[in-house]
Amino acid sequence: MNALPFIPLDEEVNLNIAILIIILSTLSKNKNGNFLLDKNKIQVFMYLIKNPSKLEDILLLTGKKTAPIAMEETFTMKSLSLNVDMLFDSMKIKSLLKKLALLGMLNVSKVDGVSFFSLTEYGEEIYKELDGEFFLKINKLAKNIDKIKSLTSGKLNSLLNEVFKVSK
Amino acid sequence: MKSYLRIERLILVGIRKNYEVKFENGLNIIHGDSDTGKSSILEFINYLLGSSKIELADEMISSVSYAALEVIINDTPYTIVRDIFKPLDYIEVYQCGFEKRESFISRKYAPNFSASSAPDGIFSDFLMDALDFPRLNLKVSPTQANSQFRRLSFRNIMKFAYVNQDDMGSKNLLGLGDWAKYTYTKEVFKYMYNVLDTDISDVEMLLSAKRSELQSLKKKYENVSDFLRETGYESIPSLDDAIEQCDVLHESISHELNSINANMLANSDNYKELKTYHSEFNLKLKVTLKSIDDLERKREQYLRLRNDYSNDIEKIKAIHLANKKIGLLKNVKCNCPVCDNLIILESTDGGYVKSKSEALDEELMSLIKREKSLEELIYSLSGEQKELLIAKAKLELDLLKVSEMIDTETAGFVTPYLTQRDSLLKEMTSVSKKRESLVASLRVRNHQQDLLSKQNTISDNISTITDKLELLREKAPSIDGVLSYLADELMRFLTNVKIKNRKEIGINNKHFSPIVRGREYFNITSGGLRTIITIGHMSSILKSSVDNEVNHPRFLLLDTIGKYLGKNLKDKYVEHTDLRDDVQEGVSDPEKYENIYNSLIEICNYAEKKKCPCQIIVVDNDVPDSLSERLKTITVAHYSSKKENDLPVGLIDDINYGDA
Numbered sequence: 005m006n007a008l009p010f011i012p013l014d015e016e017v018n019l020n021i022a023i024l025i026i027i028l029s030t031l032s033k034n035k036n037g038n039f040l041l042d043k044n045k046i047q048v049f050m051y052l053i054k055n056p057s058k059l060e061d062i063l064l065l066t067g068k069k070t071a072p073i074a075m076e077e078t079f080t081m082k083s084l085s086l087n088v089d090m091l092f093d094s095m096k097i098k099s100l101l102k103k104l105a106l107l108g109m110l111n112v113s114k115v116d117g118v119s120f121f122s123l124t125e126y127g128e129e130i131y132k133e134l135d136g137e138f139f140l141k142i143n144k145l146a147k148n149i150d151k152i153k154s155l156t157s158g159k160l161n162s163l164l165n166e167v168f169k170v171s172k
Numbered sequence: 026m027k028s029y030l031r032i033e034r035l036i037l038v039g040i041r042k043n044y045e046v047k048f049e050n051g052l053n054i055i056h057g058d059s060d061t062g063k064s065s066i067l068e069f070i071n072y073l074l075g076s077s078k079i080e081l082a083d084e085m086i087s088s089v090s091y092a093a094l095e096v097i098i099n100d101t102p103y104t105i106v107r108d109i110f111k112p113l114d115y116i117e118v119y120q121c122g123f124e125k126r127e128s129f130i131s132r133k134y135a136p137n138f139s140a141s142s143a144p145d146g147i148f149s150d151f152l153m154d155a156l157d158f159p160r161l162n163l164k165v166s167p168t169q170a171n172s173q174f175r176r177l178s179f180r181n182i183m184k185f186a187y188v189n190q191d192d193m194g195s196k197n198l199l200g201l202g203d204w205a206k207y208t209y210t211k212e213v214f215k216y217m218y219n220v221l222d223t224d225i226s227d228v229e230m231l232l233s234a235k236r237s238e239l240q241s242l243k244k245k246y247e248n249v250s251d252f253l254r255e256t257g258y259e260s261i262p263s264l265d266d267a268i269e270q271c272d273v274l275h276e277s278i279s280h281e282l283n284s285i286n287a288n289m290l291a292n293s294d295n296y297k298e299l300k301t302y303h304s305e306f307n308l309k310l311k312v313t314l315k316s317i318d319d320l321e322r323k324r325e326q327y328l329r330l331r332n333d334y335s336n337d338i339e340k341i342k343a344i345h346l347a348n349k350k351i352g353l354l355k356n357v358k359c360n361c362p363v364c365d366n367l368i369i370l371e372s373t374d375g376g377y378v379k380s381k382s383e384a385l386d387e388e389l390m391s392l393i394k395r396e397k398s399l400e401e402l403i404y405s406l407s408g409e410q411k412e413l414l415i416a417k418a419k420l421e422l423d424l425l426k427v428s429e430m431i432d433t434e435t436a437g438f439v440t441p442y443l444t445q446r447d448s449l450l451k452e453m454t455s456v457s458k459k460r461e462s463l464v465a466s467l468r469v470r471n472h473q474q475d476l477l478s479k480q481n482t483i484s485d486n487i488s489t490i491t492d493k494l495e496l497l498r499e500k501a502p503s504i505d506g507v508l509s510y511l512a513d514e515l516m517r518f519l520t521n522v523k524i525k526n527r528k529e530i531g532i533n534n535k536h537f538s539p540i541v542r543g544r545e546y547f548n549i550t551s552g553g554l555r556t557i558i559t560i561g562h563m564s565s566i567l568k569s570s571v572d573n574e575v576n577h578p579r580f581l582l583l584d585t586i587g588k589y590l591g592k593n594l595k596d597k598y599v600e601h602t603d604l605r606d607d608v609q610e611g612v613s614d615p616e617k618y619e620n621i622y623n624s625l626i627e628i629c630n631y632a633e634k635k636k637c638p639c640q641i642i643v644v645d646n647d648v649p650d651s652l653s654e655r656l657k658t659i660t661v662a663h664y665s666s667k668k669e670n671d672l673p674v675g676l677i678d679d680i681n682y683g684d685a
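Protein chains in written order, with the working numbering: chain S, 5 to 172; chain C, 26 to 685.
Among the hints, a few may not be true.
Said to hold, decoys possible - Just a few of them, taken from the derived set where beta-carbon distance is under 8 Å, the chain S residues facing chain C:
#: 1; residue: I11
#: 2; residue: E15
#: 3; residue: N18
#: 4; residue: L19
#: 5; residue: E77
#: 6; residue: M81
#: 7; residue: E137
#: 8; residue: F138
To be verified - Below 30 Å or equal to it, Euclidean Cα-Cα: the simulated DSSO-like pairs (lysine-lysine) are:
#: 9; chain 1: S; residue 1: K98; chain 2: S; residue 2: K147
#: 10; chain 1: C; residue 1: K350; chain 2: S; residue 2: K102
#: 11; chain 1: C; residue 1: K342; chain 2: S; residue 2: K132
#: 12; chain 1: S; residue 1: K58; chain 2: S; residue 2: K151
#: 13; chain 1: S; residue 1: K144; chain 2: C; residue 2: K381
#: 14; chain 1: C; residue 1: K535; chain 2: C; residue 2: K206
#: 15; chain 1: C; residue 1: K397; chain 2: S; residue 2: K141
#: 16; chain 1: C; residue 1: K78; chain 2: C; residue 2: K206
What the hints assert, rightly or not - Chain C stretches covered by chain S per the calculated footprint, using a threshold of three residues with CB under 8 Å from any CB of chain S:
#: 17; segment: 342-351
#: 18; segment: 378-391
Keep in mind that the hints were calculated from the coordinates and are not lab data.
For every residue, glycine included, the Cβ atom is placed at its ideal position computed from N, Cα and C.
Could you put together the complete structure from these sequences and hints?
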């Protein structure tokens, strides 16, 4: 399948697991300690982390932008295109969660029949070891998302729709 | 050939059948009992020749729908058709006999002068034209110089061709006694005998029109002059002078203006040169701006690409780290954290890849290389852009300088011209405004002058026309000759009828009425005598038309010759006659009665001998016994209310008159 001398870096499995670890670590609970992340919200946040220009648009739209997002991340060729496959392919996020579970990092809590995800202690340990420039950036982005992490997945989707309309 | 109108046939188109009476050239007699429709025959003829209305008896109303008259006018047959109930409807005329009229298109005429919208004009005009009678306007009161004119109608002439039962022997024959209207009848009489020369009447009409025109012009001129005097208008010469002054001024100003325009053109060469510079710089600036734009876009793209590269470089480094920290998963099995079911993981699950570390390093190296070369490219682009920006600034400065130069140049040479030009133009407009108003004043004055000159021409016209009129009057045929001819004929008639005491017989030259024994016709007391004179006078006029060129249709309709004679005197006429005088005159003498018919026959014979058309239609109660055999051949209708000898009961012969 990979006959071309081209490596789809965004599809590297461990990179995606690392991003998921960061999301689960930073956004899984609110101030009161209630769980926030179900499968759908994780999917939306994964998309926003990987497409910082869209994250910027949403933050502008809700008026909650605080920490500036580096221009190198938004002013790219990738930001000119609109790839939303990830928002609709739930198999991808399922497989990542499965892998995380196998690695013994995923903690699941059921509240009112809905599964909320967080990290195990082992997972938190791994999170602390993820340094380096790229992961620092991801952490920064996750901090930006912190402002909108309590919104429901329906509200997030409608905000995304607004953003797509404008960018078209 | 003499003009004539011959009545051929009267047709009353009825509901059940048509009722016809045929007529011949010469004498035609209709006789029968009273109330059998004899007089209606003449009334219908009169109506079909344009009378304004007709009195209809009950049996007519119930039986007749419309009337038609076949006539021959100057050898041409015509059929006249008219509605009997609506006298104001158009009269239809077919140029053919009654039976053939289906295949002809009718001409439609208005019955009187007031309805002028008829498709073919007015009925009277049709008859006058067909008879070749001149159509004239006659003076209503001939003695006045500016009298009104009235159109002569065939109806006016008809008075001399139709004597109805009321007029027969009446003191008011031909309207005698109503002197105001009679003057017009006199004019018609003169017209008939061409004594009233057409030239004279035309000229008189012209003269009258000219006089009225002169009068109105005089009044107009006076009004205009008064107005101009009051409003203080300049006189024509002073107006002319003022206009001339304006023209001179106008010309000098326009000359000056032309010279200024020429100067302006000469000085503008410098300006043209500057203008070329200006447009050149402008073009260069535009080109520079465009290339700066292009460079900017290119640089932007390179920058984006470089950011992508640097992000990817970070990503590869992160992948290395993640691989080290998370480790590898190879077909591991464990229990689900939610439901404790067994989870099996395949390496291809979710479409993710796991690249080899060497490949990633290779990619990393190449990305770093590409990033570096892109950076160099961006630097060089920036340099290029910088140069262009400097060039652009210089061009803008040049352009500004040239524009300033142009402005100063223009201001320097144009402004003084403009102010001068402005003031000149203002002056010129004011001069032409003034001229316009002067010309308008002059127009008014000229019109006034025009009125005066028109007056003069008309005055000249009037004097020449008056001269001409004098001349015509001198040459006109005298009325006296006509009157003496008619007096002779009346004398001959009275002699034939054997009236007693025939002396001082003549025609009054004032109102053209007969005089017998020195008494005016309307002063004669005996109704019988008046009747005889009426017949004599009317037949004399008919006979004169045989001998002379007279504007008369050459037929005569006489209603009830025996009106005052004998047993048939109707009650309503008794008061108009002195019965004792009638007895004294012996008018009821059958011999005199017979003589009247003989005289009428004589006139017809005379006309036949002269080969002149002539027609007399007589309506009477009875004919003299001695003549009845002779007259049978020329009797066109004979009615008997008691149907004696199988005679028809009346004009409408299919109803019972006795019951009506």
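### Task
For the pair we were handed, K535 of chain C and K206 of chain C, check the Cα-Cα distance against 30 Å.
holds, 14 Å
### Message
Using C-beta distances, would you say chain S covers the segment 378-391 of chain C, given that this needs three or more residues below 8 Å?
### Response
holds (count 6)
#### Entry: Agreement of hint M81 of chain S with chain C interface, Cβ distance less than 8 Å
The hint holds - M81 of chain S has a Cβ within 8 Å of chain C, the shortest such distance being about 5 Å.
### Query
Is the straight-line distance between the alpha-carbon of K58 of chain S and that of K151 of chain S 30 Å or less?
Distance of about 15 Å is within 30 Å: holds.
### Query
Are K350 of chain C and K102 of chain S close enough, with their CA atoms no more than 30 Å apart?
Cα-Cα ~18 Å, so holds.
### Query
Taking only the CA atoms, is the gap from K98 of chain S to K147 of chain S under or equal to 30 Å?
Judged against 30 Å, a Cα distance of about 24 Å means the pair holds.
### Evaluation of the interface hint that places L19 of chain S against chain C, nearest CB under 8 Å
holds, 5 Å
#### Entry: Pairwise hint evaluation, K206 of chain C against K78 of chain C, where the allowed Cα distance is 30 Å at most
holds, 20 Å
### Query
Has the given pair, K144 of chain S with K381 of chain C, been kept, meaning a C-alpha gap of at most 30 Å?
holds, 29 Å
### Message
Under 8 Å between beta-carbons, do enough residues of the segment 342-351 of chain C, three at least, approach chain S for the coverage claim to hold?
### Response
Satisfied; 8 residues make the cut.
### Message
Checking hints one by one. Is N18 of chain S an interface residue toward chain C, by the C-beta closer than 8 Å rule?
### Response
Holds: closest Cβ of chain C sits about 4 Å from N18 of chain S, inside 8 Å.
#### Entry: Satisfaction of the E137 of chain S interface hint, Cβ to chain C closer than 8 Å
Holds - the Cβ of E137 of chain S comes within 8 Å of chain C, reaching about 5 Å at its closest.
Hint compliance for this structure: every hint is met.
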